[in-house]
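> Residues per chain, in single letters:
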Amino acid sequence: MGKKGRVLTIVAIFVIAGLFLSNSTGIAQAEKPKIAPPCKQCHQPNEKILRGTFAGVSQKAWTIQIQIGPATWLVKWDDDTELIGAEGFSKIPKDKEIAIAIEEKNGMLYAKSLSVKPPAKVPAEKLMKADELAKLVEMGTEKGNFMLVDSRPALRYNESFIPGAINIYDAEFDKNIDKLPKEKSKLLIFYCAGET
Amino acid sequence: MPVWKKAGNIVLSTPQNLKESIEKDISMVLIDLRKAGDAKKEHIKGAVSVLAEGISKAKDKFPADKKAPIVLYAGDTKSAFDSFKNVRGWGYTNTSVLSGGIEAWKNAGNPVEGGELKTDIVYVPKPRPGEITVEEFKKIAETLPSDKLILDVKDVDEATEGMLVGAKNIPTQDIQARLSEIPKDKEIIAYCNTGVRAEMAYHILKDAGYKARFLNANLKIDKNGKYEISKE
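Chains as they are written, first to last, in our numbering: chain U, 1 to 196; chain G, 1001 to 1232.
What the hints contain is simulated information worked out from the structure, not anything from laboratory work. Wrong hints could be hidden among the right ones.
If you anchor each label on the Cβ, the simulated ranges turn out as follows [said to hold, decoys possible]:
| no. | chain 1 | residue 1 | chain 2 | residue 2 | range |
| --- | --- | --- | --- | --- | --- |
| 1 | U | G107 | G | R1178 | 40 to 46 Å |
| 2 | G | V1112 | U | S185 | 41 to 47 Å |
| 3 | U | S113 | G | P1129 | 51 to 57 Å |
| 4 | U | G140 | G | K1059 | 29 to 35 Å |
| 5 | G | R1178 | U | A120 | 40 to 46 Å |
| 6 | U | E104 | G | P1002 | 46 to 52 Å |
| 7 | G | V1156 | U | K91 | 23 to 29 Å |
| 8 | U | F173 | G | G1089 | 32 to 38 Å |
| 9 | G | K1223 | U | K112 | 27 to 33 Å |
| 10 | U | S185 | G | G1209 | 32 to 38 Å |
| 11 | U | P118 | G | Y1123 | 43 to 49 Å |
We put the CB at the ideal spot given by N, CA and C, even for glycine.
Just chain G, with the same shape it has in the complex:
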């Protein structure tokens, strides 16, 4: 995937992803590429109108942060491809096309709304719910306070390759079945190697009544527990 993305090839995202991003209030840019009339009739909440025909001149509207997640949608998948190439060409690495366009969005039972769309893009990056800052994570990893438990949610064979000192290993997919091993009186700080499984673990733990947070970053750990954290 990284090679595919780096080469600037088309990347799609699912309606499910958009739905979750909206529900979780995750910072992103959502662009409706369709004609003003269609968009006005019905569009996805929060979308900004940038016409596909005029997108090559709209560069200045886009956020300064090239890592901003940008989702482009049209009536179907392919109608957004040219716009994708434009936006991706400006260096926005996390651009994707909504798979199936607004039709697939609606078919999945998601709501649309009518009315005027905004034409200015506003992007304010904010952490994902449950995300711990890298600084605080480091501090906890160094001092291992007694009211926190660091949980390594990688698979067992990955964890044997390298785990943080003082961490406990329960793979994400086993957490539900092994909740009895996780103390209720501590805050659980989950990590994996990219942040994805840690976020899944965070949701499982939260739903099970735990106080939890997760590290949303790349984490490399060697055999001795020495680690390196990098944000995407």
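Bound-form chain U, shown alone:
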């Protein structure tokens, strides 16, 4: 023991205290999420970014309200806050999906930038026209070397589907991954009840 032992003990106390403190702030953060569940489908949680829906903005108090699950965050902003995807803070529709890049400034959360979610878009080269599909369907899935997936609920699939299509309802997609072809290079074509 002796001196060395005591130093170790003191260090240990600090470490334990440190663990305890970080743990308690960890709980506070768990209570107030920084990312809303729907956002997690495409985005990783990030300490420096709040992802949720736009709940309001005050031009007088210079605060933005963002709703993330059950929690509401208040974030300060000013003329330096960059706005992406909207013409003005007052033009953002309520409940629109937004992301705010945050930093701490004078003990307050400050918005470095706010981006409004752009409309989801499938790139043109990933879209297949119905007449192209008709040619493939005529060929058959084997000869054409593709898999056709109907993403609608089973009820809709049962009453009308494109020849060769299998049914994986979009809401149950995650637990049916094994129905997809093993060869990952195989062309996968999805369709639903969309009108695009």
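Based on the hints, put chain G in the right spot on chain U.
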């Protein structure tokens, strides 16, 4: 799918769909395209005999309602394709070919029967079991009577895009687990955006002992709860 259908491409339906339509007594037209002898030996109950060879001359037999669900079957899938093109070509948008023909029907364990087939098509449209009329649905949505609960069964993120005023949101796939949130003493009126998930919800609720109905129509709702209903 709508684009595919509109272009007049071949559409199939499953034996499961036919089975359910027969069980639920859903109005539809079922056509046996095979030779009279084969059909007489065994056919699916309720089928009308229209020979594939003669179908191009049978236009007048088909119902006035071009939205009528029509299922064509032969011995296999492909033998019904030419007939499909004829019938679809007359504008019957809900025509389909029974996938796998009568063979697949039988292989799935479904019954067939023998004897003479009818040769005249009779089609009387009737609502699906549990379907509420658009008029009554509108009335309930406007007045929100205390003995009814309007249930929005779309996914949560769809529901946040627009929900009827006074409605409660439980996605169809979560209903079973969240039955405790649904009052037993009220009639539940389910809706989604097309009627499909609402019908699924109706069956779950009915099986769980609830009094329920569903809206079988397209329903568009904006952020403020303003809505528009259209039947297909």
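> It remains to establish, for every hint, whether it holds in the given structure.
Each hint tested on the structure:
no.	hint	in the structure
1	U:G107 / G:R1178: 40 to 46 Å	holds, 41 Å
2	G:V1112 / U:S185: 41 to 47 Å	holds, 43 Å
3	U:S113 / G:P1129: 51 to 57 Å	holds, 54 Å
4	U:G140 / G:K1059: 29 to 35 Å	holds, 31 Å
5	G:R1178 / U:A120: 40 to 46 Å	violated, 28 Å
6	U:E104 / G:P1002: 46 to 52 Å	holds, 51 Å
7	G:V1156 / U:K91: 23 to 29 Å	holds, 26 Å
8	U:F173 / G:G1089: 32 to 38 Å	holds, 35 Å
9	G:K1223 / U:K112: 27 to 33 Å	holds, 29 Å
10	U:S185 / G:G1209: 32 to 38 Å	violated, 50 Å
11	U:P118 / G:Y1123: 43 to 49 Å	holds, 47 Å
In this structure, the hints that do not hold are numbers 5, 10, in rising order.
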